[in-house]
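Which chain is which? The protein sequence lines are V, Z, Y and X, in order.
In terms of UniProt numbering, the first sequence is numbered consecutively and its last residue is 408.
In terms of UniProt numbering, the second sequence is numbered consecutively and its last residue is 408.
In terms of UniProt numbering, the third sequence is numbered consecutively and its last residue is 408.
In terms of UniProt numbering, the fourth sequence is numbered consecutively and its last residue is 408.
Derived from the structure by calculation, the hints contain no laboratory data.
It cannot be assumed that every hint is accurate.
As the list claims (entries may be wrong) - A few chain V residues facing chain Z, derived, Cβ under 10 Å:
1) 12
2) 13
3) 14
4) 16
5) 83
6) 137
7) 154
8) 194
9) 203
10) 292
11) 311
12) 325
13) 388
14) 401
15) 403
Stated by the list, open to error - Examples of chain Y residues toward chain Z, derived with CB under 7 Å:
16) 3
17) 6
18) 157
19) 160
20) 299
21) 384
22) 388
23) 395
24) 398
25) 400
Glycine residues also receive a C-beta, built at the ideal position from the N, C-alpha and C atoms.
Number of protein chains: 4
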Amino acid sequence: MSAPKKVVLAYSGGLDTSIILKWLQTEYNCEVVTFTADLGQGEELEPARKKAELLGIKPENIFIEDVREEFVRDFVFPMFRANALYEGLYLLGTSIARPLISKRLVEIAAETGADAVAHGATGKGNDQVRFELAAYALNPDIKVIAPWREWDLSSRTKLIEFAEQHQIPIATDKRGEAPFSVDANLLHTSSEGKVLEDPGVEAPDYVYQRTVHPEDAPDEPEMVEIGFEAGDAVSINGEAMSPATILTKLNELGGKHGCGRLDLVEGRFVGMKSRGIYETPGGTLLLEAHRGIESITLDRGAAHLKDELMPKYAELIYNGFWYSPEREMLQALIDESQKHVTGTVRLKLYKGSARTVARWSDHSLYSEAHVTFEEDAGAYDQTDAAGFIQLNALRLKLLAARDKRLKS
Amino acid sequence: MSAPKKVVLAYSGGLDTSIILKWLQTEYNCEVVTFTADLGQGEELEPARKKAELLGIKPENIFIEDVREEFVRDFVFPMFRANALYEGLYLLGTSIARPLISKRLVEIAAETGADAVAHGATGKGNDQVRFELAAYALNPDIKVIAPWREWDLSSRTKLIEFAEQHQIPIATDKRGEAPFSVDANLLHTSSEGKVLEDPGVEAPDYVYQRTVHPEDAPDEPEMVEIGFEAGDAVSINGEAMSPATILTKLNELGGKHGCGRLDLVEGRFVGMKSRGIYETPGGTLLLEAHRGIESITLDRGAAHLKDELMPKYAELIYNGFWYSPEREMLQALIDESQKHVTGTVRLKLYKGSARTVARWSDHSLYSEAHVTFEEDAGAYDQTDAAGFIQLNALRLKLLAARDKRLKS
Amino acid sequence: MSAPKKVVLAYSGGLDTSIILKWLQTEYNCEVVTFTADLGQGEELEPARKKAELLGIKPENIFIEDVREEFVRDFVFPMFRANALYEGLYLLGTSIARPLISKRLVEIAAETGADAVAHGATGKGNDQVRFELAAYALNPDIKVIAPWREWDLSSRTKLIEFAEQHQIPIATDKRGEAPFSVDANLLHTSSEGKVLEDPGVEAPDYVYQRTVHPEDAPDEPEMVEIGFEAGDAVSINGEAMSPATILTKLNELGGKHGCGRLDLVEGRFVGMKSRGIYETPGGTLLLEAHRGIESITLDRGAAHLKDELMPKYAELIYNGFWYSPEREMLQALIDESQKHVTGTVRLKLYKGSARTVARWSDHSLYSEAHVTFEEDAGAYDQTDAAGFIQLNALRLKLLAARDKRLKS
Amino acid sequence: MSAPKKVVLAYSGGLDTSIILKWLQTEYNCEVVTFTADLGQGEELEPARKKAELLGIKPENIFIEDVREEFVRDFVFPMFRANALYEGLYLLGTSIARPLISKRLVEIAAETGADAVAHGATGKGNDQVRFELAAYALNPDIKVIAPWREWDLSSRTKLIEFAEQHQIPIATDKRGEAPFSVDANLLHTSSEGKVLEDPGVEAPDYVYQRTVHPEDAPDEPEMVEIGFEAGDAVSINGEAMSPATILTKLNELGGKHGCGRLDLVEGRFVGMKSRGIYETPGGTLLLEAHRGIESITLDRGAAHLKDELMPKYAELIYNGFWYSPEREMLQALIDESQKHVTGTVRLKLYKGSARTVARWSDHSLYSEAHVTFEEDAGAYDQTDAAGFIQLNALRLKLLAARDKRLKS
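Isolated chain V (complex conformation):
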């Protein structure tokens, strides 16, 4: 790979990406463009602008954007249509944000004439893979720079030294090492590393940042009604809202009731297992409610097919293959199924749990006439079941007859 001339950096404004910014300038002597996105991580973005300017970035090379609506509408919601869970439990909060960041990096590269993009993910994790696969899928000729895999700033001490050498301001609390590493966006907060590295030791309480402890949650349950149209949430308690507003509101509700905590050991794409603490308050409510509305509006054949394909779909997102033909094929299949996933679900939130307690829809396939224990007025002929069973049993009978024959 030839040296990059102009690089678009995913820039948070924090110490690490500031060091990367400076390192790119010094290592490659290249022009740096910064991209700072509001994905709902809960931090002010304007300080990032100031910091970038301070580090010598030209104003026209500083991109700061609120992408929350796009994030929820085009990434989070399509994923939730699939009821996606990685390894049965993880709601993919980090995974789903990466493709959007890469997409903007590549687009800004095209706009600004940059030939490379850079990110601050390490060489051990999944995020490097997600950033880079997405970038290459969107522009096969782009260069991707991953400083953590290249430089020799392999310890906290060396990083701080580099920062001091290059006049990068260091917040007092960043001189020591954080007790764990955090990633956050509108969908979730994840924590990992350091004090969390032994999966046999419980995560300390202070790790949780976004949900109250279930023990501290209100003593009274709270009901919430989520409205859906064609598979996506469109309202809360009857009030229509934009995608990002809905997720924000669900985060508040879930967080208040201690919902959506997960302590997980997962298999990384790069091969080792890692332990993460995830908080996905709004997403947890959304998944429960989406399953709830599907339960009355989605046909059994459709639902089972979706369930069989979900693990593969989740794996693709986890592994960074959002922009791959197979993810898009699965999305086409999933979206096809959601046309009638419209209606309302009532959840009960209480001290860490969120349970569907009622659901209704004009699109419902539930037929009380068919299922009733009462007289069904001919909706269903019970004698049909005899033939149904006989023909389903036929191959089993033929198997059993063979066994009998061979034994005799």
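Following the hints, complete the assembly by docking chains Z, Y and X onto the known chain V.
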């Protein structure tokens, strides 16, 4: 089908199966053998013996058995190795008991020279299918009688009349109709029908019978440690126990903390949707803990394959295909994966939720050396990730290059 | 089911459906509408009109239609996009025609105010299921009459008697029993039953009707080039043609060279195994060519996902679930994959085999630059493979290290 | 990776691996052990011994073994139980040999105290991945040396120079470049590269080495009967034979009749597409016959499950994951299905095609009584089909009723 001469009836001792017993005698003029199983449903069995005798069953034709250990060891535990959930949520508590009952019915038929078996499931549900597919798979020549599909006792009034005509004792509280229908065994209690038939209306509190209301559960969380060997639970808090004892104990713990409630609309095999309230306190803990121990002992490739096949496996059990080649093939695959699923999981139980908070094992695949944020002493070479990403990206780049080429 | 008042009958003009026609009139005293479709079965349709008139059908109740283009365009081609093979070998020639016939029956019922449809499939086969599932999926209130399951004309003798009683003309050669049963359309000819019932006995030569014996095929191979656009065949040897014309032409070519014969024992949806002789000359060429063009234009991830889902897709069609949400979902997935399946394939036809020998496309993903044994000018960096392998191996190493540790 | 001290090299005795041998000695100054396996590639092995000795390998470090029986029994046959085809067409002839070679390399390393193994696969292909994943899975601490990824002998000229410098004998016909590259073993011969690199150009006739041109095959068809027990071939034309003998014999038969040629463009695991010419004469017969015997002995549910999982199983083998938990899990599933796959299949071989024409077995599930067009003596009750269809249709009717309701 020619008329049966001797029938083994799955007999609970309750009013409905007593009516069936008498109906079989009168309708077919055949000898009846009764089989009453203790599956952990929490009822005394000896009254069933007295009732059977009263209805004229010969003592040698009355079979009463405690099958709880067999139920958990040979049915529940193998199923939990798969983390089986039907439609993402249902722990299959009713489905998994049916094959065992059918197996004993068929075996007792062979012992007693009976040519038929009979069950008390209706023509609208899944249980008829499960009973009958299992029976035919075990004996292709057995006759199966399903009185609910045959007789004209189509209303409660007619049933009571029939009972009175035939001197069948009727408990006072059975004269009126129950407000919903219940099935119970050591794994779960399910309730459905009547007051539960509108899925848009919350289930009344009195429906729940086996778990306390989360609001009434203890205000203090409780920790429990479940030990596993080769995929099966073998101890609680360090104390080794038999399978049925473990499930009994987990039921107590889960029930006390309000765990394992589910309000579900599901797709029946016979084609319509139905709504059920399930309480699976011990099973809910077991699933959570099993996923927890798998998370550190099961390889990613193995885990993902299991996850992809789980929905199909669960569907087979739900639909009554326990004794089918494909369920046995999937079981062989699942069991092959469980050799190292050995270790201990700590769960935290609190007001309706059961969460893994720690797990450890001599068989762990988790390698702190590989995952650590600290210096890893060469366990992992971060530059490997670059090649890994490049080759995973290659096909995506070729796709993107094609798009570029075709557009230009 | 109440008695039908007006029935649309799938009518071939042959003896069996003529008997059905008359039986419907006499049994139900209902008005009969006939629908005779040209699906490419190779028979004149006008005689069916005369016969229907003779049997008292009003001219406005006789529907005769050439549906060959619709058949190939909307049913055969979408199915071939999936490379569908039932049980690894069967090209689904009969299965794919049934939904189209049912669709027209239901539409004509709506046009003519009929409340029922009828078909001539027996109670042992798959076709009854296919006809009826399709009909119910398109009109949930339609009645379906399957005379073979209802009447008592259970032997050839009784059928002939009935025909004679009702002045139904009987062709001389129909008085005796055919040595086997045949179904034909533009995609295939199938033969089964009677002389073919023992799968251990070779099918006699005279069973084959549509393909020459490979031994009698030309001694010189013939090349044919099939052009594709977005997954569908659009030309032969450079000449653009309509869907049905293409399949007709491929049938000629394949039939001339003895291609597409299959002697198969398959598992029917109704539970037993049956043996069929299938001749699918054009379809065999089409499948081979479609795989050929996909091999250079379809991404590996897309292709493998398609391959994994193909058996389920084929099973759905075989079982009669063309008009089901899950088939439509799979179709959406498959169609999404076909956008770039455009290009040309050259097949070599010779004495029963059809093999791809060359393929080319502007949409090709094949990159000689990457794969070449020659100097590749930096297209591919071989050292990337080392990292790729290391990270793919990491979990296997961790497994092996565990085994070592536990053994020591 | 520290420098290897003693290396076991997969050594063919040819020029390329002789250069590798010498390069290992000079580059690493390490002791070299050679392993030369007879996998049925059709070459004498003793010349390899002489050549190794000439290159200074100590006699006790020269391992020459006939592993043909192990190859077929423990690798080829288990794979054929699955009917494995990569991308629908490729019989995996190269892929399946690599794990065996790696296994012996690792075992010989243990026996001889070597710390490394080496292979002659290039950095662009799949074989490097297969060799190395297998080696690491069997010994996590083994070093693997892949000279083609390390050295700078990047052109034919440089290789020849190196050989001359080090007194490695060069056969006259090896001075120039071969027009394509070949791999062979008892299962197949593959050819790729050079003259085959343009997939739009037909492969020249001289590429095919193991099968006669169909045009030159005998003008008379030949029948062959293959006997199976529990999924594996055990006899030909009634004569019991060992696994390798059977495959050898089938190769003769298939080769004589021009069977098993394949011209394929496939997706490599390392990301690009490549074109290969495969000749798998015996394997082609074996696959056809195995499907044939399964067709009467394997239950539909079992067969369909196998078919759905086959692509994944084939992909695992192609990608080099033979020694992975998921391949072993799938193998357990497949093997469980094969207990009754016992019986005989008759194939007709003729000018490039091999077709099943008859099959019979004591384990047959085919029931003429059930399928017959004749009177079936009550084996099957056609009225059962009505109930079977009604309940399969129920969910489709509910869907159609919803559509109707929403439109009105």
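Here is what the structure says about each hint:
no., hint, result
1, 12, "violated, 18 Å"
2, 13, "violated, 22 Å"
3, 14, "violated, 16 Å"
4, 16, "violated, 12 Å"
5, 83, "holds, 6 Å"
6, 137, "holds, 4 Å"
7, 154, "holds, 7 Å"
8, 194, "holds, 6 Å"
9, 203, "holds, 7 Å"
10, 292, "holds, 8 Å"
11, 311, "holds, 4 Å"
12, 325, "holds, 7 Å"
13, 388, "holds, 7 Å"
14, 401, "holds, 5 Å"
15, 403, "holds, 9 Å"
16, 3, "violated, 23 Å"
17, 6, "violated, 28 Å"
18, 157, "violated, 28 Å"
19, 160, "violated, 32 Å"
20, 299, "holds, 6 Å"
21, 384, "holds, 4 Å"
22, 388, "holds, 4 Å"
23, 395, "holds, 6 Å"
24, 398, "holds, 5 Å"
25, 400, "violated, 11 Å"
Against the hints set out earlier in the document, violations occur for numbers 1, 2, 3, 4, 16, 17, 18, 19 and 25.
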